[in-house]
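**Q** What follows is the residue order along each chain.
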Amino acid sequence: MNGLQRPTFLAIALCLMQGAMAQSSKTEGWLSSPGVVGTMVLLGIVLFVAVLIIAAKVSRLIQQTKEKHTVAEGRTGISDEDRARHEAALEYRLRGNELGGSATAFDDKALIAGATSEPNNPIVDEKIYSRARLDVPKPLQQLIIWYLAASTFWLLFGTSVGEYLGLKFIWPDLDEVAWLSFGRLRPVHTNTVFWGWASMAMIGLAYFVIARTSATKIHSYKRGWWAFGLINFSVIAGNVCLMAGINNGGGEYREYVWPAMLPFALGLILTFRNFYATVKRRKIPEIYVSNWYLLASLVWTIVLTVIAYLPFYQDGLGETITQGYYMHQGVGMWFMTFTLGLIYYYLPSSLNKPIYSYSLGVLAFWTQMLFYTMIGTHHFIFSPLPWWLQTVAIVFSMGMFIPVIAGTTNFLMTMRGSWSAIGKSYVLPFFLVGVIFYFVGSSQGSFQAFRFTQNVWHFTDFNVAHSHMTMYGIICFILWACIYALLPKMTGREPSQLLVGAHFWLAFIGLFAYTVSLMAGGTVKGMAWVEGVPFIDTVIATRGYWTWRAVGGTLMFISHWIFAWNFYTMVRQPLPVVPSEIGNPIPAEL
Amino acid sequence: MINFHKDHATLVNVALMGFVLLSTGVAVTPALSMQDNNSPLPDMPKMTLQEQRGLNVYVSEGCIGCHTQQVRNIEMDKTWGSRPSIPSDYYYSKKRPDIWHNTPSLLGSERTGPDLTNVGVRKGSEAWQMLHLYNPRMVEKASIMPRYGWLFTEVDSTAVKPDDFVLSVPADKLEHPGHKVIATERAKDLVAYLISLKQAPLPQGVAPEDFIATPGANGKPVAAAVAGAGAAAPAVDGGAVFSSVCAACHQPDAKGLAGAFPPLAGSPVVNDKDPLKMVDIVLGGYSARPNYGPMPSQAANLNDEEIAAVINYVRSHFGNDAPPTDAATVKTQRAVIAPETASK
Numbered sequence: 001m002n003g004l005q006r007p008t009f010l011a012i013a014l015c016l017m018q019g020a021m022a023q024s025s026k027t028e029g030w031l032s033s034p035g036v037v038g039t040m041v042l043l044g045i046v047l048f049v050a051v052l053i054i055a056a057k058v059s060r061l062i063q064q065t066k067e068k069h070t071v072a073e074g075r076t077g078i079s080d081e082d083r084a085r086h087e088a089a090l091e092y093r094l095r096g097n098e099l100g101g102s103a104t105a106f107d108d109k110a111l112i113a114g115a116t117s118e119p120n121n122p123i124v125d126e127k128i129y130s131r132a133r134l135d136v137p138k139p140l141q142q143l144i145i146w147y148l149a150a151s152t153f154w155l156l157f158g159t160s161v162g163e164y165l166g167l168k169f170i171w172p173d174l175d176e177v178a179w180l181s182f183g184r185l186r187p188v189h190t191n192t193v194f195w196g197w198a199s200m201a202m203i204g205l206a207y208f209v210i211a212r213t214s215a216t217k218i219h220s221y222k223r224g225w226w227a228f229g230l231i232n233f234s235v236i237a238g239n240v241c242l243m244a245g246i247n248n249g250g251g252e253y254r255e256y257v258w259p260a261m262l263p264f265a266l267g268l269i270l271t272f273r274n275f276y277a278t279v280k281r282r283k284i285p286e287i288y289v290s291n292w293y294l295l296a297s298l299v300w301t302i303v304l305t306v307i308a309y310l311p312f313y314q315d316g317l318g319e320t321i322t323q324g325y326y327m328h329q330g331v332g333m334w335f336m337t338f339t340l341g342l343i344y345y346y347l348p349s350s351l352n353k354p355i356y357s358y359s360l361g362v363l364a365f366w367t368q369m370l371f372y373t374m375i376g377t378h379h380f381i382f383s384p385l386p387w388w389l390q391t392v393a394i395v396f397s398m399g400m401f402i403p404v405i406a407g408t409t410n411f412l413m414t415m416r417g418s419w420s421a422i423g424k425s426y427v428l429p430f431f432l433v434g435v436i437f438y439f440v441g442s443s444q445g446s447f448q449a450f451r452f453t454q455n456v457w458h459f460t461d462f463n464v465a466h467s468h469m470t471m472y473g474i475i476c477f478i479l480w481a482c483i484y485a486l487l488p489k490m491t492g493r494e495p496s497q498l499l500v501g502a503h504f505w506l507a508f509i510g511l512f513a514y515t516v517s518l519m520a521g522g523t524v525k526g527m528a529w530v531e532g533v534p535f536i537d538t539v540i541a542t543r544g545y546w547t548w549r550a551v552g553g554t555l556m557f558i559s560h561w562i563f564a565w566n567f568y569t570m571v572r573q574p575l576p577v578v579p580s581e582i583g584n585p586i587p588a589e590l
Numbered sequence: 001m002i003n004f005h006k007d008h009a010t011l012v013n014v015a016l017m018g019f020v021l022l023s024t025g026v027a028v029t030p031a032l033s034m035q036d037n038n039s040p041l042p043d044m045p046k047m048t049l050q051e052q053r054g055l056n057v058y059v060s061e062g063c064i065g066c067h068t069q070q071v072r073n074i075e076m077d078k079t080w081g082s083r084p085s086i087p088s089d090y091y092y093s094k095k096r097p098d099i100w101h102n103t104p105s106l107l108g109s110e111r112t113g114p115d116l117t118n119v120g121v122r123k124g125s126e127a128w129q130m131l132h133l134y135n136p137r138m139v140e141k142a143s144i145m146p147r148y149g150w151l152f153t154e155v156d157s158t159a160v161k162p163d164d165f166v167l168s169v170p171a172d173k174l175e176h177p178g179h180k181v182i183a184t185e186r187a188k189d190l191v192a193y194l195i196s197l198k199q200a201p202l203p204q205g206v207a208p209e210d211f212i213a214t215p216g217a218n219g220k221p222v223a224a225a226v227a228g229a230g231a232a233a234p235a236v237d238g239g240a241v242f243s244s245v246c247a248a249c250h251q252p253d254a255k256g257l258a259g260a261f262p263p264l265a266g267s268p269v270v271n272d273k274d275p276l277k278m279v280d281i282v283l284g285g286y287s288a289r290p291n292y293g294p295m296p297s298q299a300a301n302l303n304d305e306e307i308a309a310v311i312n313y314v315r316s317h318f319g320n321d322a323p324p325t326d327a328a329t330v331k332t333q334r335a336v337i338a339p340e341t342a343s344k
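As you go down the protein sequences, you meet chains A and B in turn.
Under our numbering, the residue at position 409 of the first sequence is numbered 409, and the numbers go up by one with no gaps.
Under our numbering, the residue at position 9 of the second sequence is numbered 9, and the numbers go up by one with no gaps.
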């Protein structure tokens, strides 16, 4: 089944693209170009993993049916009376009160972690409820929940804007309001999901990691609240400015003017000092590898923001070099590095085992700094920027395989042996998809720097597909995994498993539709440009792909509302922690 | 002995210093050198105050999100300019405007709309630019660009002042038939900026950088493209000139837009036995008809062969039927009408 999947997928992709192709010697044999083949294989991997997850679920289901079947049919040579008794037994259903009788009972020792009336639900398999409760100090719990609540709000707001923008590609006349025009809203979408959703969620989740892995209390909750206010203020002020037509200069992700971005930088500085002070008074000698990533990511991003906004070298193409550096590092040093730090804690802790290799994590850490920093200019290949800088960027883009493979190997090896747990957990599929996209999205970015693929794909919708594959496929999925892993343990409230499943599959299928349609559309468009087709004809040719993008985007968007509801059910009323013999909650004061 | 695993201060400091060093090498130093080693081309006009204000509108409306301004040194970008962009091209436009804003990020990273490096040459008509901003789909049906209605105001015909720019909006496209659409100052600034976007000529004797031939899928340049460069220049395709230069206003079917741009199909000027009047209009521009927008001169954009080819194309297509002209005639007329472009 899985073996068949890849050729089938390639055939579909081929049909998608072949239609609009004007082929000549310039683009002949494009399908066998190394960059295109590499990208196809990577997409195949994603599909392969999706099939794997489905296969795991289906096989569990079949297994269960089979067991029943053999029990029912497998007994020959037994008396009719026995058979009748057995059939009656098959019909027997637990009423739920067999052990306790009809008297009211109370679970004094909190032995029961979850209960269900449908143990063999055929649609979604019953997942294991997280049994462990963590006794998180009240102020920390509140701080984390508020960071995550704000981030969820920004996710909904930011992706509402994104969804609306996607529709404008199909209906450009949706409105004619200055504040809602495409040019003004586009940076609102990107900056909101960057600085509002992902950044707030990351910091919130990190507060738990920092305290837990240092076995101590957070240095200052007050600083945490200050940073919370500053970052939110930054996103609000920045967005209002953008919609009013106040734009810093159009450079991606630094569209907020500096007075709006300054609170964000201050928030990061406060967060760093808070984390650092907490790590400093840790009660164990070693600094857990997660904290390497978290602390470094904060330091790097503060430096990065300062370099991006200082005015001394921003005239002429100096601005372009800074822009390439900034927009790449914004993703690489902030979102990616920080999220890696979160994975190093949340993934092993969800699997209840240590990380596969500590050393690989350290190797990935230093190579992340070395390679990622050097490749900003690969956004401006063939531009008037110095040729040596472009060459450095391409070479180091290939070097990115080292941290990416080191990280992916580490995470997959940590998961190894626990594959059966994926079918039983609602957290692990999010991790698996995030890790796979970490490999696929990052490698695909390197393939994009090849000469032919760069010619065809640059400036097209392919870029948008790539950025969603990484920011959404990696960052969002990992953040959701961490949130679903942490909150139930902290509040004692589980989300509905059906709804978590709906969130996962809508987001995953939506993302796949989104990226594949834009990749196909971008390829069609880029090849038409190479052929010299008039520009407006390439706009018309991309229409269908934009429609599919909107469909995928809508699925993703719906999944965010489901996530918001799940979030609400997890935090609305935290259960008090009842000390029990097996629950073993972590004491409040460590 | 350095122990990153136990010494948080060393860990953080090394990560900080490493990153600062790398960033200085790969971003700050090259950026400083690009900023300092730059000067304008000798024939590059300075930006006027109005164009500068137009650039601010360009940034504020987020045009950069969809339009690039860089002709890369690869073959496919020939559509957007006659030579690859060089750092000097951005000498005037990429300056920090004030303390609140950063330098405009003009190069862009997405080409959802066309590249604008040379848009002043391709679409030099103020009337077209205004109408296109007001409603892009009026002049280009398949366009997905937003309408910028807030850069215009609709006023009663009697309220139009003499120095207002009145848009040539066809009467049936207006909500109130008696009204006129006039451009606000911001629209005027923006259009002035757009029309000023032209690649400056390189100094005499300086050859532009070659465009890199499209690599084949296997990474080797395609043989045909290499051979084509050495062969004699092919005859000019009048139809191609028409689509890239004339069709924007006169429309691909040459029927024009009522109230905005006159039709070429069946036009008496086009069908005149004597081609001289048509040659003169193309070379010198035309604004004698108040019911249509003015036509800009094409003398600086097109050479004699291209003008002759496109005139012959129009005179023999769209139901028109008139005898052809030739490049020599255009050359003679050019010497009279636009002598400053005669050396081209």
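Any given hint might turn out to be false.
As the list claims (entries may be wrong) - Taking beta-carbon pairs under 10 Å as the criterion, some of the chain B residues facing chain A (in silico): (1) Lys6; (2) His317; (3) Gly319.
What the hints assert, rightly or not - Below, computed lysine-lysine pairings styled on DSSO-like, alpha-carbon distance capped at 27 Å: (4) Lys46/B - Lys95/B; (5) Lys66/A - Lys109/A; (6) Lys198/B - Lys141/B; (7) Lys46/B - Lys173/B; (8) Lys46/B - Lys198/B; (9) Lys141/B - Lys95/B; (10) Lys277/B - Lys255/B; (11) Lys280/A - Lys6/B; (12) Lys168/A - Lys277/B; (13) Lys57/A - Lys222/A; (14) Lys489/A - Lys283/A; (15) Lys6/B - Lys353/A; (16) Lys109/A - Lys424/A; (17) Lys6/B - Lys283/A; (18) Lys95/B - Lys173/B; (19) Lys173/B - Lys78/B; (20) Lys168/A - Lys173/B; (21) Lys280/A - Lys217/A; (22) Lys6/B - Lys217/A; (23) Lys489/A - Lys57/A; (24) Lys168/A - Lys198/B.
Keep in mind that the hints were calculated from the coordinates and are not lab data.
Source: prediction; values computed, not measured.
Glycine included, each C-beta is placed from N, C-alpha and C at the ideal position.
**Q** Compare the structure with each hint and give your call.
**A** Evaluation of the provided hints:
1. Because the smallest distance between the Cβ of Lys6/B and any Cβ of chain A comes to about 5 Å, under 10 Å, the interface hint for this residue holds.
2. Restraint check, His317/B versus chain A: the minimum CB separation of about 17 Å is more than 10 Å; hint violated.
3. Nearest Cβ of chain A to the Cβ of Gly319/B: about 23 Å, over the 10 Å cut. The hint is violated.
4. This hinted pair checks out: Lys46/B and Lys95/B have alpha carbons roughly 12 Å apart, not beyond 27 Å.
5. For the hint linking Lys66/A to Lys109/A, the alpha-carbon distance of about 37 Å lies beyond 27 Å, and the restraint is violated.
6. Taking the CA atoms of Lys198/B and Lys141/B, the gap is near 25 Å; set against the 27 Å cutoff, the hint holds.
7. Annotation: proposed proximity of Lys46/B to Lys173/B is violated, straight-line Cα distance about 38 Å (limit 27 Å).
8. Restraint check for Lys46/B and Lys198/B: the C-alpha separation of about 12 Å stays at or below 27 Å, so the hint holds.
9. The suggested pairing of Lys141/B with Lys95/B is violated, with an alpha-carbon distance near 36 Å, which exceeds 27 Å.
10. Restraint check for Lys277/B and Lys255/B: the C-alpha separation of about 19 Å stays at or below 27 Å, so the hint holds.
11. Between Lys280/A and Lys6/B the alpha-carbon distance is near 10 Å, which keeps this suggested pair within the 27 Å criterion.
12. The hinted pair formed by Lys168/A and Lys277/B fails the criterion: a straight-line CA distance of about 45 Å is larger than 27 Å.
13. For the proposed pair Lys57/A and Lys222/A, the alpha carbon gap of about 45 Å is over 27 Å, so the pair is violated.
14. About 23 Å separates the Cα atoms of Lys489/A and Lys283/A, which keeps this hinted pair within 27 Å; it holds.
15. Proposed proximity of Lys6/B and Lys353/A is supported: the alpha carbons are some 22 Å apart, at most 27 Å.
16. A distance of roughly 25 Å separates the Cα atoms of Lys109/A and Lys424/A; the hinted pair therefore holds under the 27 Å criterion.
17. Distance restraint check for Lys6/B and Lys283/A: the Cα-Cα separation of roughly 12 Å lies within the 27 Å cut-off, and the hinted pair is therefore satisfied.
18. As the CA atoms of Lys95/B and Lys173/B are separated by approximately 40 Å, the hinted pair breaks the 27 Å bound.
19. A threshold of 27 Å between alpha carbons decides the hint, and for Lys173/B with Lys78/B the separation of about 36 Å lies outside it, so the pair is violated.
20. A distance of roughly 22 Å separates the Cα atoms of Lys168/A and Lys173/B; the hinted pair therefore holds under the 27 Å criterion.
21. Pair hint Lys280/A plus Lys217/A holds up; C-alpha atoms about 11 Å apart against a cutoff of 27 Å.
22. Annotation: proposed proximity of Lys6/B to Lys217/A holds, straight-line Cα distance about 19 Å (limit 27 Å).
23. The hinted pair formed by Lys489/A and Lys57/A meets the criterion: a straight-line CA distance of about 25 Å does not exceed 27 Å.
24. For the hint pairing Lys168/A with Lys198/B, the CA-to-CA distance comes to about 30 Å; that exceeds 27 Å, so the pair is violated.
Checked against the numbered hints given earlier, the structure breaks hints 2, 3, 5, 7, 9, 12, 13, 18, 19, 24 and satisfies all the rest.
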